[in-house]
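Based on the sequences and whatever the hints tell you, model everything.
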Amino acid sequence: MTGINRRTFLGISAGLGVAGLTGCGSSIGAAAASGDGHTVKVGLVIPQAGVYTPLGVDIQRGWDLWLRQHDGRLGGRRVTTVVADEGEGPQTGVPAVQKLLQNDRVDVLVGIVSSATALGVRDLVTSARRLLVIANAGAGAITGTNRSPYIWRTSFTNAQVAAAMGRHLAESGVRRVYAIAPDYVAGTEAIKGFSNAYRAGGGTIVGQSQPPFGKTQDYQPFLSRIQSSGAQGTFCFFGGAESVAFVKQYAQFGLSRTIPLYASGFLVEGGVLSAQGQAADGVLSTLHYTSELDNPANTAFGQAFRSAYDATPTAYAVQAWDAAEVLSRAVAQAGAVDGDSLAAALGSVGVLTDSPRGPWSFVQQSPRQNFYLRRVRTRAGAPVNSVVEDLGPLDPES
Amino acid sequence: MTSLAQTRAAPARPRLGVGARTATGIAAGTLLLAAAPLYLAPYATTTLTRILVFGLLAASLNLLVGVVGLPSLGHAAFFGVGAYAAAWTAIHGLAGAGALLVGVVVAALVALVAGAVAVRASGVFFLMLTLAIGELTQQAADSWESVTGGSNGLYGVPAPTLFGTVLDQPATTYWYVLGFFVVGMLALRLVSTSAPGVVLRGIRDSEDRMRALGYRTTAIKLGALVFAGAVAGLAGGLLAAQQRLVTPADVGFETSALALLAVVIGGTGSWWGPCLGAALVIVVRDSLGATLDGHGPLALGLLFVLVVYLLPTGIARIRLRRAAS
Amino acid sequence: MPTTQIAVTAMVNGLAIGLLLFITAAGLSLIFGMMDVLNLAHGALFLTGAYLAWWIGGEQQTWPSLARAVVAVVVLGAAAGGLLSLLTAPLSRRSHLEQALLTLGIALVAADILSALFGDDVRATEPPAGLDGTVTIAGWSYPSYRLALVGIAALLAAAVYWTVERTSLGALFRATVSDRDMVATVGVDPRLVRGGVFVLGSVLATLAGLLGAPIYHARPGLDTTILVLALVVVVVGGLGSIRGPLIAALLFGQVESVGRAVLPGLASFLLFGTLAAVLVVRPRGLFTLAPGGRR
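Protein chains in written order, with my numbering: chain A, 1 to 398; chain B, 399 to 723; chain C, 724 to 1018.
Some hints here could point you the wrong way.
[Said to hold, decoys possible] Covered by chain B, per the in silico footprint, the following chain C stretches (three or more residues, Cβ under 8 Å):
| id | stretch |
| --- | --- |
| 1 | 810-823 |
| 2 | 952-958 |
| 3 | 986-997 |
Please keep in mind that the hints were generated in silico from the structure rather than gathered at the bench. C-beta atoms are modelled at their ideal positions from N, C-alpha and C, and glycine is treated no differently.
Right, dumping it as structure tokens:
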């Protein structure tokens, strides 16, 4: 009977798959770490498929570039990098981390774009006592209420980026603002971060909307609300394809002429900016980095990045670059690669003065860093985020 | 639901009870699975745990697809609801079997409500109605932040404890999941191979005839849906115990679709075939996929295409009738 | 902004989106309703059309580039339709679920190829000069491309409707559905008819992708979004007619536009809530033909 054949075949191939892909041995007893004093094995968890892939590409570029410029060594130890695909969310991200920890026996984990994945692997990482350096995910809880001594972050918190804009708008005399962000945790955090800072400075939120996340292609219903709200400006937080759709439609429906757009910098960071074209012209945003920053570290970094990849560096690449930098310092200082030693070393790493983003330091395991007000303008035929003003440092989650 | 227990004359009644050979097979399979952590590396054990969880989901779905002829594209709703309920219960102090029980009960209740709406449709309309139910459930999981944690999900679910031991190692988690997997599978087998199964197959083959024979077919289909939903809820509870995290993706379209595809791949003819389909899907997606530089979906796509062409089923066809026929 | 303006904007917008949705879903409905194949690669066809629009026209279409893009999507859509017809032919006697397994597999492979060819960034394209601006009438602003889309999509929709319901070609399609053998005795190869329906359905999908590119922007994942929307429209409309999907598409255009404006808090529940509500009231969709005859 062919049905039996199919099942037999499937059974054999699945069995071989489990054994072959994952190796035999025993699950009983403790797993030994690989550290031999001369090497360090790093698991890079980044999205290689799905909507977040462009961020994964930038993170890998930042990581590779740092290693290439530092002889492939972190704190004197030769690095082996194992890359695993994080996918679009925890359904693929958690198994990827499990694989790196249990199968590849990595010493350190770096990466993770999705906040849900970052929160979901907390217990895995903590019970394995390995260090995880988050190179993007921005949920406040990762280094806040759900903190683990083994999880550190070199990126940002969603609220922090938005708060920088809230504070700036209140100070610059914009009194009434409409806030819009997708209906998911990061969007809610951004609106909250913005509103708290903006209201504290005396501003009024005249309305807010949270369109369905990942399910909105047409923002017209929300744009009409903004138009009739009497707002002097719109604050928004979008990323990826949604940022392209929103910025374009904001211009197409004629809003950009009357109600200026202010944003968390992700709206106009990286590949999405060129896809937005003319529509993004003049958009003001806050972020902890822009390729246009004028400091010696960024000039060198920018040149190296452009010559290596023929692309403009992004905040995502810098986050990975800095992850390598702090890890290198921690490994050198700790003289070991286990999670406890590295976490302790990170705690005393101090202020990084030669980062492309400007000086920053860890406060509660997440960066206290400068934010920049940036304006989209065209330079040499390509859109860039030029620096308008250095808004000074902010603590995470402020 | 009385007719579920009745054994009226119905076409092609299979052997009732468990034959000696089958019993031996089940016992041998269980023993082999139980010994797996002794000869598999930790990651292989973790993968096998995922397979058991997903396999139980697929097997419960097969009760609907293969036995009753109801192709559901929203089965992850019950799986996810069970997972959320169990995770919530565990976080609020009751980990282990108690959390699983809560998951099963809540999933069964949701299946009862959803089923009352869905069982009137059939074929592709049932497929899309269940899809809608699944998507609405996922949306609720996304929106009800105070209970579900929103898009970040419920994380930090405590590991189950048994006799004072915390089951948080790959092997101990595996045995815990395996125990309940066996319970769930036996329950599914009992329903699909004994008297109720005969009635359900009769409905699949000709609902009109069964109605003419005096069976309240709508009520029976609803009963099957609630039972399948309860087992899916058990699988969900096990997911919460294993992954220690539940997110809206576990409720949504992708999980439902993969479960349905696992059923089709494994073949709907047997009660354990879908577990093999599930195993293949999990291995390709999670273990192989993570190493392919982003070509995991490609591998999954090729698997689907190859299975269809190279391994045509000789087994009972799924009745997804044309609406107009 | 006065309330009437908001209402008009929402309704015009719903019409534009609804008509585009119809062009997208019509192909899926034709192939499913007539050839009984559930083609889950339909979204990948749409995405291919959208990518081609960007690849040929770049970030700013011109009229000549748009003409080239139209030719390209028609040729490629036809080729893809022929290929899909051949690939699914061996499965015509197998269950819908096996067909779904195959076509979803093809869709995943196609998505990987598209990602390899066009990258993972968002690929946005602007319509050609004259259609890329904003129309302002008495203070009411609206993107000109969307207005034009209403006209273009309405023409295309009328052409599809007329072809299927009024021409001998359409009659042949419909005859193949009800009695394959009889069509064969008239001297027409049913395999050709089958191929024809696949080609027509696929060309509609890639054309819809081209038309939708300036609104939806080609990107990974758009294929699934569009597939689900089209499936919803097809099922709500009911199988076997072209009128069903048309009315369902127009309905969902308004639901996604007016509905979201009126009930912003429930925005995420509207699409599937409507689907569930329709199927609860009418378990076979709005316009499914009763067995044995047209209604």
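Evaluation of the provided hints:
no. : hint    : in the structure
1   : 810-823 : holds (count 8)
2   : 952-958 : holds (count 3)
3   : 986-997 : holds (count 5)
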